[in-house]
Amino acid sequence: MSYLRGFYLLTAAALLLPLVFPDNYYVTVVGVTAALHAILAVSLNLLMGYAGQISLGHAGFFGIGAYASAILTTRYGWNPWPAILAGLVLTGIIAFALARPILRLKGHYLAMATLGLGIIINIVLVQTGELTGGPDGLGGIPTLSLFGWNVNSDLRWYIVIVCVMLLVVWLALNIINSRSGRALRALHGSEVAAEMMGINTTATKTGVFVLAALIASLAGSLFAYQQSFVSPDSFSFFFSIELVTMVVLGGMASTYGAIMGAVILTFLPELLVVFEEYEVMIFGAILMLMMIFLPQGLFVGIQSLLRRVGRNRSELAGPDTGEPEESGRGAA
Amino acid sequence: MFDQILQFVLTGITVGATYALVALGFAIIFNASDVVNFSQGEFVMIGAMSTIAFSAGEGLPLWLAAVGAVLLAICVGMMLQRFAIAPARGASVVTTIIITIGASIFLRGVALLLWGKDIFGMPHFSGEQPIQIGEATLLPQNLWVMGGAAVLVLGVHYFFNYTTNGKAILACSCNRTAAHLVGINVSMMMLIAYGLSALLGSLAGILVAPITFTSYDAGVMLGLKGFSAAILGGMGNPMGAVAGGLLLGLIESLAAGLISSGYKDAIGFIILLLVLFLRPSGIFGKASTERV
Numbered sequence: 001m002s003y004l005r006g007f008y009l010l011t012a013a014a015l016l017l018p019l020v021f022p023d024n025y026y027v028t029v030v031g032v033t034a035a036l037h038a039i040l041a042v043s044l045n046l047l048m049g050y051a052g053q054i055s056l057g058h059a060g061f062f063g064i065g066a067y068a069s070a071i072l073t074t075r076y077g078w079n080p081w082p083a084i085l086a087g088l089v090l091t092g093i094i095a096f097a098l099a100r101p102i103l104r105l106k107g108h109y110l111a112m113a114t115l116g117l118g119i120i121i122n123i124v125l126v127q128t129g130e131l132t133g134g135p136d137g138l139g140g141i142p143t144l145s146l147f148g149w150n151v152n153s154d155l156r157w158y159i160v161i162v163c164v165m166l167l168v169v170w171l172a173l174n175i176i177n178s179r180s181g182r183a184l185r186a187l188h189g190s191e192v193a194a195e196m197m198g199i200n201t202t203a204t205k206t207g208v209f210v211l212a213a214l215i216a217s218l219a220g221s222l223f224a225y226q227q228s229f230v231s232p233d234s235f236s237f238f239f240s241i242e243l244v245t246m247v248v249l250g251g252m253a254s255t256y257g258a259i260m261g262a263v264i265l266t267f268l269p270e271l272l273v274v275f276e277e278y279e280v281m282i283f284g285a286i287l288m289l290m291m292i293f294l295p296q297g298l299f300v301g302i303q304s305l306l307r308r309v310g311r312n313r314s315e316l317a318g319p320d321t322g323e324p325e326e327s328g329r330g331a332a
Numbered sequence: 333m334f335d336q337i338l339q340f341v342l343t344g345i346t347v348g349a350t351y352a353l354v355a356l357g358f359a360i361i362f363n364a365s366d367v368v369n370f371s372q373g374e375f376v377m378i379g380a381m382s383t384i385a386f387s388a389g390e391g392l393p394l395w396l397a398a399v400g401a402v403l404l405a406i407c408v409g410m411m412l413q414r415f416a417i418a419p420a421r422g423a424s425v426v427t428t429i430i431i432t433i434g435a436s437i438f439l440r441g442v443a444l445l446l447w448g449k450d451i452f453g454m455p456h457f458s459g460e461q462p463i464q465i466g467e468a469t470l471l472p473q474n475l476w477v478m479g480g481a482a483v484l485v486l487g488v489h490y491f492f493n494y495t496t497n498g499k500a501i502l503a504c505s506c507n508r509t510a511a512h513l514v515g516i517n518v519s520m521m522m523l524i525a526y527g528l529s530a531l532l533g534s535l536a537g538i539l540v541a542p543i544t545f546t547s548y549d550a551g552v553m554l555g556l557k558g559f560s561a562a563i564l565g566g567m568g569n570p571m572g573a574v575a576g577g578l579l580l581g582l583i584e585s586l587a588a589g590l591i592s593s594g595y596k597d598a599i600g601f602i603i604l605l606l607v608l609f610l611r612p613s614g615i616f617g618k619a620s621t622e623r624v
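If you're matching them up, the sequences are chains A and B in order.
In terms of the numbering used here, the first sequence opens at residue 1 and continues consecutively.
In terms of the numbering used here, the second sequence opens at residue 333 and continues consecutively.
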């Protein structure tokens, strides 16, 4: 299982960090947010990086999960666990119903449709005030508890969310290296060619769209319990863009790249606190410059640089060939 | 009831005229370079915000400030083409979309740095005495918006059909290589297309700012609405984009008045989704087939 080698490294790093730096703000507070973003980025990367289907509305599904959990636990007194499940079911139904018409679209049209979907979900969250609390948000969400073990400290949340992240990463890596993963990459290259090879492209695309939405919904539920407060701002169009940026920054079609992008973009604002007013500008500049000069992303960029130095050969990796680095390493 | 509807229609046409100008800018850039420019809304913001900055801040007369703002927007548009779009030629659709989204965030960041988060107003061009039409009222500024948009749309129509440069841009959009071979300066034409698009966006922003006010992030929604309008009209069809803009403005205004103002934006996007699902080439567009 050599394609999981990176995964073991990631697991070791994620679990060692709180042991080495317990009660460190950057580990147990910012780190939790980074892990949550990593879950979202990895799921979006399945859709964008591997299947080649851009989504500018991923925050919408994140929001549905968060609000389903928030509303069911605070307004109807549900236990948090079935509320997560209910959120997943709701997201699944919505994603499945929309997948077919949305994924028939390509390029700009797909971008616009997913963007519209994300904005519509956000507007509904703002407008249905009696349920969602409107623009002011909804507070007093109970926390999770696992057989009497209350998840009520930063460190415990770190453990829970990092474990879910590792699970999602493991799932993503396995999917990518399975038959369906190869089908995804095939339809990224050319849908017609993929169909000629006997791949049911509609079913494959629907599947990955629903899966990405479900993971986002799960992340949303965790987010709601962790913050104990949700407001529509957290699920806006801008957050969708931020997620796309994470995927792009790390490198599309690379799970570790998505994690790297999520970690960098979560820590960057913390480190740029001194330049607070420049934050938006720097964010935009990163997005633009990355796409112009390093469209394959940091992770793949650094890797091919290392490989080049290692082999001592001047061989340039083509930009975004759609070849995933995980399987590349697995084959080596 | 009828008077109310008349009022909604008048408001709708005013808003729609703004959407139409933004959509026209989208269509021009899409035609010329196959790029969907997500920073189109920022031209609108730059137009309005820098007019206010030049007139209120520097004490220039409003018309001179507006000229300065439009020139600034044109420069930004050309720089966008030269430094962000041109270097990434041949990149995938996703890549160019993300580049222009990055550009829009960057421009918004600069505006935030220069002018802060405040909301600014602009004086009306010719008084605020409402004009009565039946029971409905209209501000002189509404007439400015409608008239200005009409003049600009006709101007663009003339430019593309009767001038050498306009026809040369159309030639580039048909076949870049062929255009180059017949001696058209393709990169110059791209600059003109982006400049023209920025001019339309910034003028839309200046015309509508006295009614709607403006802020550093005023361009976001306008840009998205303009894109919706361009898709409604059939991407790459300039006059379709104008019609799509007017239609979207009308529908939104009627929906806000008769159904719910809170869902105004949602209704616009729901219509967009329906059009995409049922007729992806737009209401006025021709169906196209993908070449393999």
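Hint data in this document are derived by calculation from the structure and do not stem from the laboratory.
Please note: incorrect hints may appear among the correct ones.
[Unchecked claim] Okay, derived cross-link-like pairs now, DSS-like style, lysine-lysine, Cα gap no bigger than 30 Å in a straight line:
| no. | chain 1 | residue 1 | chain 2 | residue 2 |
| --- | --- | --- | --- | --- |
| 1 | A | 106 | B | 449 |
| 2 | A | 106 | B | 596 |
| 3 | B | 596 | B | 449 |
Now the hints, each set against the structure:
1. Proximity of residue 106 (chain A) to residue 449 (chain B) is assessed by CA-CA distance (about 36 Å); at most 30 Å being required, the pair is judged violated.
2. Only pairs whose Cα atoms come within 30 Å are accepted, and residue 106 (chain A) paired with residue 596 (chain B) is accepted, the gap being roughly 27 Å.
3. Restraint check for residue 596 (chain B) and residue 449 (chain B): satisfied, since their Cα atoms lie roughly 24 Å apart, inside the 30 Å limit.
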